[in-house]
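J.: For reference, the chains in residue letters:
Number of protein chains: 2
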Amino acid sequence: MTTEKISWSPSTQLAPVPAVLLGCGKSKGYDANLITVAWCGIINSEPPMLSVSIRKERYSHTIISDTGEFSCNVPLAEHAREVDYCGVVSGRKINKFKTCNFTALEGEKIKAPTIAECPLTLECKVAKIIELGTHDLFLADIVNVRVSKDFIDGNGHFNFDKKGLLAYCHGAYYNLGEKIGTFGFSVKK
Amino acid sequence: MTTEKISWSPSTQLAPVPAVLLGCGKSKGYDANLITVAWCGIINSEPPMLSVSIRKERYSHTIISDTGEFSCNVPLAEHAREVDYCGVVSGRKINKFKTCNFTALEGEKIKAPTIAECPLTLECKVAKIIELGTHDLFLADIVNVRVSKDFIDGNGHFNFDKKGLLAYCHGAYYNLGEKIGTFGFSVKK
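Line order of the protein sequences matches chains A and B.
The first sequence begins at 1 in the numbering used here and counts up one residue at a time.
The second sequence begins at 190 in the numbering used here and counts up one residue at a time.
These are calculated hints, taken from the structure and not from any lab test.
The C-beta atom is built at its ideal place from N, Cα and C for all residues, glycine as well.
Be careful, since some hints might not be right.
Unchecked claim - With a straight-line Cα cutoff of 25 Å, these simulated DSS-like cross-link-like pairs (lysine-lysine) come out: (1) 125/A x 28/A; (2) 378/B x 98/A; (3) 163/A x 149/A; (4) 300/B x 98/A; (5) 128/A x 245/B; (6) 163/A x 368/B; (7) 300/B x 163/A; (8) 351/B x 179/A; (9) 28/A x 109/A; (10) 93/A x 377/B; (11) 93/A x 378/B; (12) 128/A x 314/B; (13) 338/B x 300/B; (14) 338/B x 162/A; (15) 163/A x 352/B; (16) 338/B x 351/B.
Said to hold, decoys possible - Quick look at which bits of chain B chain A covers, simulated, 3 or more residues with Cβ under 8 Å: (17) 195-209; (18) 214-224; (19) 231-240; (20) 246-259; (21) 273-280; (22) 300-312; (23) 366-373.
Isolated chain A, as found in the complex (with noise of 0.2 Å):
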């Protein structure tokens, strides 16, 4: 293996990223809706905060930005297929809950719909909207966690062990692999 390098024009090549389903809607007149983002991030550990980034086109994009509200769904990888389809087409014309077999469960803190077969999501408020030319940047606050049980491991714990997560790679989605090390693990005796 070389380290020689070449370079690329400036883009957007960071991996993994997660991809996550949005959701929005059920208050103001809109319908529950759903949008798959991968320009997501957390950006703040207390107060918790995430980012995510939309395209000012995109019908999620009116939906959040007038309501002030999302969740962010964790998907599982074998739920691949919809979160790819929930970023390609649009819910204008489309119920994507309805589409994709989801089943929208009510949020606890926030108004919009979240997703019963994810199996974690993060319930959202808009805390302030930054443009940045393509896509706006949503800066929100975490107001609430919702895990599924089957996923708790004895310790009260998140595990996903069982059933992987999903990562975004450079145009494709990829399964989480073997768990390599533990936060500090470096520096243990």
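Based on these hints, arrange chain B on the given structure of chain A.
T.: Below, chain B without anything else, positioned relative to chain A:
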């Protein structure tokens, strides 16, 4: 499998997220330094931008705030120990490039060092810093991308399948597993 859920207090449970090594320094009197961040994501496609969140008390926060530059180096799964190490020790007293046996390459469009051993590097210039709480959010322009020749396939695309990338989930490091599908596969005939 049930869909029964319980609520947890708000926390940063998004997963998987990238665990990347930021290179900084090599200008304004700072030595080359490294810090691992998992609170990192793409925020805009055109112009290409990413964000990283860094705790105010970290040495790299000082360096990046002062120099306005950093490299975002995407590690392989085999770098998990170094990635972990650069997240838990401070560069104020330790030369992490040396300890990790990483080769510092000068950036092309930035003065901040890049890591030769990482297959992919995004060279970044800070556009804006937003204070959020424990962390400050750095919005940055991706001004150049460097790719190891070893990871470019015959079609000129980035291909890391022969050596997996690293993902971070709920306090543990994972290798990426099998490819499930490519973007748009759900609607292809």
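J.: Taking the hints in turn, state whether each one holds.
T.: Results for each hint:
no.: 1; hint: 125/A x 28/A; verdict: holds (15 Å)
no.: 2; hint: 378/B x 98/A; verdict: holds (21 Å)
no.: 3; hint: 163/A x 149/A; verdict: holds (13 Å)
no.: 4; hint: 300/B x 98/A; verdict: violated (52 Å)
no.: 5; hint: 128/A x 245/B; verdict: holds (21 Å)
no.: 6; hint: 163/A x 368/B; verdict: holds (15 Å)
no.: 7; hint: 300/B x 163/A; verdict: violated (43 Å)
no.: 8; hint: 351/B x 179/A; verdict: holds (18 Å)
no.: 9; hint: 28/A x 109/A; verdict: holds (16 Å)
no.: 10; hint: 93/A x 377/B; verdict: holds (19 Å)
no.: 11; hint: 93/A x 378/B; verdict: holds (21 Å)
no.: 12; hint: 128/A x 314/B; verdict: holds (22 Å)
no.: 13; hint: 338/B x 300/B; verdict: holds (22 Å)
no.: 14; hint: 338/B x 162/A; verdict: violated (36 Å)
no.: 15; hint: 163/A x 352/B; verdict: holds (23 Å)
no.: 16; hint: 338/B x 351/B; verdict: holds (13 Å)
no.: 17; hint: 195-209; verdict: holds (count 14)
no.: 18; hint: 214-224; verdict: violated (count 0)
no.: 19; hint: 231-240; verdict: holds (count 10)
no.: 20; hint: 246-259; verdict: violated (count 0)
no.: 21; hint: 273-280; verdict: holds (count 5)
no.: 22; hint: 300-312; verdict: holds (count 5)
no.: 23; hint: 366-373; verdict: holds (count 8)
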